[in-house]
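My numbering applies: residue 1 is where the sequence shown begins, and numbers increase by one.
Keep in mind that the hints were calculated from the coordinates and are not lab data.
All residues carry an ideal CB built from backbone N, CA and C; glycine is no exception.
It is possible that some hints are incorrect.
As the list claims (entries may be wrong) - Below, in silico cross-link-like pairs of lysine to any residue (SDA-like), each with a Cα-Cα straight-line distance of 20 Å or less: (1) K354 - V445; (2) K189 - E272; (3) K371 - K397; (4) K338 - E272; (5) K429 - T412; (6) K362 - V445; (7) K376 - I396; (8) K291 - E352; (9) K355 - I225.
Unchecked claim - Distance windows between CB atoms, simulated: (10) G124 - E341: 58 to 66 Å; (11) F434 - R51: 29 to 37 Å; (12) A127 - T278: 34 to 42 Å; (13) D262 - Q229: 20 to 28 Å; (14) E286 - G150: 39 to 47 Å; (15) R100 - K355: 31 to 39 Å; (16) P180 - R100: 42 to 50 Å; (17) H283 - Q308: 43 to 51 Å; (18) Q276 - R159: 52 to 60 Å; (19) N404 - E306: 36 to 44 Å; (20) R159 - P123: 45 to 53 Å; (21) D348 - F434: 16 to 24 Å.
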Amino acid sequence: MPQFTVAIVGRANVGKSTLFNRILERPKAIVSTIAGTTRDRNYGQARWRGRDFQIVDTGGLEEVNAISGGIKKHVDIAVKKADAVIFLVDLKIGLMPQDRAVANFLQKLKKPVILVGNKADSPGVFAAAENPEWLKLSFGKPLPVSAANGAGTGDLLDRVFEFFKNKPDEEKSKDFLAVPPIKVAIVGKPNVGKSSLLNALLGEERVLVSEIPFTTREPQDMILIYRDQPFLLIDTVGMRKKARVEPGLEKVGVRRSIVAMDRADVILFITEAQEQMTSQEKHLSELILEKNAGLIIVANKWDLVEKQGPETMNLFVDYYNRFFPYLDWAPVIFVSAKTGEKVQKILDLVIEIKKNREKFIKAEELNKFLKEVLSKHWAIIHRRKKSGAGARPKLIKLVQEGINPPKFHLVTTSKAELPEGFIKFIEKKFRERFDFTGTPIKLGVRHIKKNKE
1 MPQFTVAIVG RANVGKSTLF NRILERPKAI VSTIAGTTRD RNYGQARWRG RDFQIVDTGG
61 LEEVNAISGG IKKHVDIAVK KADAVIFLVD LKIGLMPQDR AVANFLQKLK KPVILVGNKA
121 DSPGVFAAAE NPEWLKLSFG KPLPVSAANG AGTGDLLDRV FEFFKNKPDE EKSKDFLAVP
181 PIKVAIVGKP NVGKSSLLNA LLGEERVLVS EIPFTTREPQ DMILIYRDQP FLLIDTVGMR
241 KKARVEPGLE KVGVRRSIVA MDRADVILFI TEAQEQMTSQ EKHLSELILE KNAGLIIVAN
301 KWDLVEKQGP ETMNLFVDYY NRFFPYLDWA PVIFVSAKTG EKVQKILDLV IEIKKNREKF
361 IKAEELNKFL KEVLSKHWAI IHRRKKSGAG ARPKLIKLVQ EGINPPKFHL VTTSKAELPE
421 GFIKFIEKKF RERFDFTGTP IKLGVRHIKK NKE
């Protein structure tokens, strides 16, 4: 059965994200006094009294505009899918008309609701929970808590626990726990379709989609099961040029997105097929390269490109390889998040790349490869330096020393440096022999004395 889910709902600035972070015991959601900071549904895994459950942070139900209309839709989805609701109000400010509107909304859904009064940071505010005006919401007196310092949150979690303590703990399926999720970060500049692609992968509208830049304000983690393989999908904020990044929420969101990329096994670098690459894509590609993760270049909005045949695709691949010559090992896939074309193939490719990152090649295969390369390209290795200072160092063997990403060393018999061009040549031949599609490989040099192997 699905995991027990609790949604946190309320008007803007009552402390929903602060309470969400407090329950998770880590700062997953961005907290700000700016109304509308949280826009998408932010999911987290919590544990209380030996039981796991899912907690959902939602956007504030406030003013009506293009963005907040989408927020209302996401709150509606979150509450309908939840097993119980934490209805959060602000004890310091007192009852507001928006609180009554939220109460009316919740009463129609007939879900179990816990009315919680936040910001009970002092005895005076704590006592405000006894004010009879709260009874107008028809959910009894609020349970006073302070999300900021944690006061009362244990009592709140005890109340939540009462809702699901007798439900079977079947979410701990052996199949799910036996297979760790592949962590996939979705990265790109604003408005290339990251959130649309995420929704297409999930098969539902989990994140807000808008033409307004910076609609996604914080990284989001979401679990997807595909062919019995769990994926942890990490939606990141659209990253603009540094000079254009606004201080405050956007800057925090970008910083957290860069950190979130460190967790990824594979990064989906989202681009627009119908648009030329810019210096910002160049910057993002260099940032991605530093992460040493697997990589897929996703050419989104393929439905907007005319003449979509193989020849056109080959021209696009050549263009990407010229623009990102250091990423020529990354596959390019052409998709349409809008129509769903080839979206699921991304997941198949992610699985393949994860296997390539964990590949370990036997020593005899590596040495056989090295021997063949040296015999076929003897002149490249043994030609003398232009200065006449002596022969190139002798290559003894090729050794694999790690995975994720795969790491190899060429073992030589002197301290003379191997030309960078030759190392790249070896890597090229290496990729031709062994399939390392979608993952960087690290090829270094290790020097040993002649009397040692």
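A quick look at each hint next to the structure:
1. Our distance criterion of 20 Å between C-alpha atoms is broken by K354 and V445, whose separation comes to about 25 Å.
2. Distance hint between K189 and E272 is fulfilled; the C-alpha atoms sit about 10 Å from each other, no more than 20 Å.
3. Proposed proximity of K371 and K397 is supported: the alpha carbons are some 8 Å apart, at most 20 Å.
4. Straight-line distance between C-alpha atoms of K338 and E272 comes to about 12 Å, which keeps the hinted pair within the 20 Å bound.
5. About 18 Å separates the Cα atoms of K429 and T412, which keeps this hinted pair within 20 Å; it holds.
6. Our distance criterion of 20 Å between C-alpha atoms is met by K362 and V445, whose separation comes to about 19 Å.
7. Restraint check for K376 and I396: the C-alpha separation of about 16 Å stays at or below 20 Å, so the hint holds.
8. Of the supplied pair hints, the one linking K291 and E352 holds, its CA atoms being roughly 19 Å apart against a limit of 20 Å.
9. For the proposed pair K355 and I225, the alpha carbon gap of about 17 Å is at most 20 Å, so the pair holds.
10. At about 60 Å, the beta-carbon gap between G124 and E341 stays in the expected band of 58 to 66 Å.
11. Checking the proposed 29 to 37 Å range against F434 and R51 shows it is violated: the Cβ atoms sit about 46 Å from each other.
12. Taken as a hint, the range 34 to 42 Å is violated for the pair A127 and T278, whose Cβ atoms sit roughly 57 Å apart.
13. A hinted range of 20 to 28 Å holds for the C-beta pair D262 and Q229, which are about 22 Å apart.
14. At roughly 41 Å, the beta-carbon separation of E286 and G150 lies within the given 39 to 47 Å, and the hint holds.
15. The beta-carbon spacing between R100 and K355, approximately 55 Å, falls outside the hinted interval of 31 to 39 Å.
16. In this structure the hint that P180 and R100 lie 42 to 50 Å apart at CB holds, the actual value being about 46 Å.
17. At roughly 29 Å, the beta-carbon separation of H283 and Q308 lies outside the given 43 to 51 Å, and the hint is violated.
18. Under the hint 52 to 60 Å, the C-beta atoms of Q276 and R159, about 56 Å apart, fit the expected range.
19. Here the CB-CB span from N404 to E306 is close to 40 Å, well matched to the stated 36 to 44 Å.
20. Checked against the hint of 45 to 53 Å, the C-beta distance between R159 and P123 comes to roughly 22 Å, which is inconsistent with it.
21. Distance hint check: the CB atoms of D348 and F434 are about 20 Å apart, consistent with the given range 16 to 24 Å.
When held up to the earlier numbered hints, the structure conflicts with 1, 11, 12, 15, 17 and 20 and fits the remainder.
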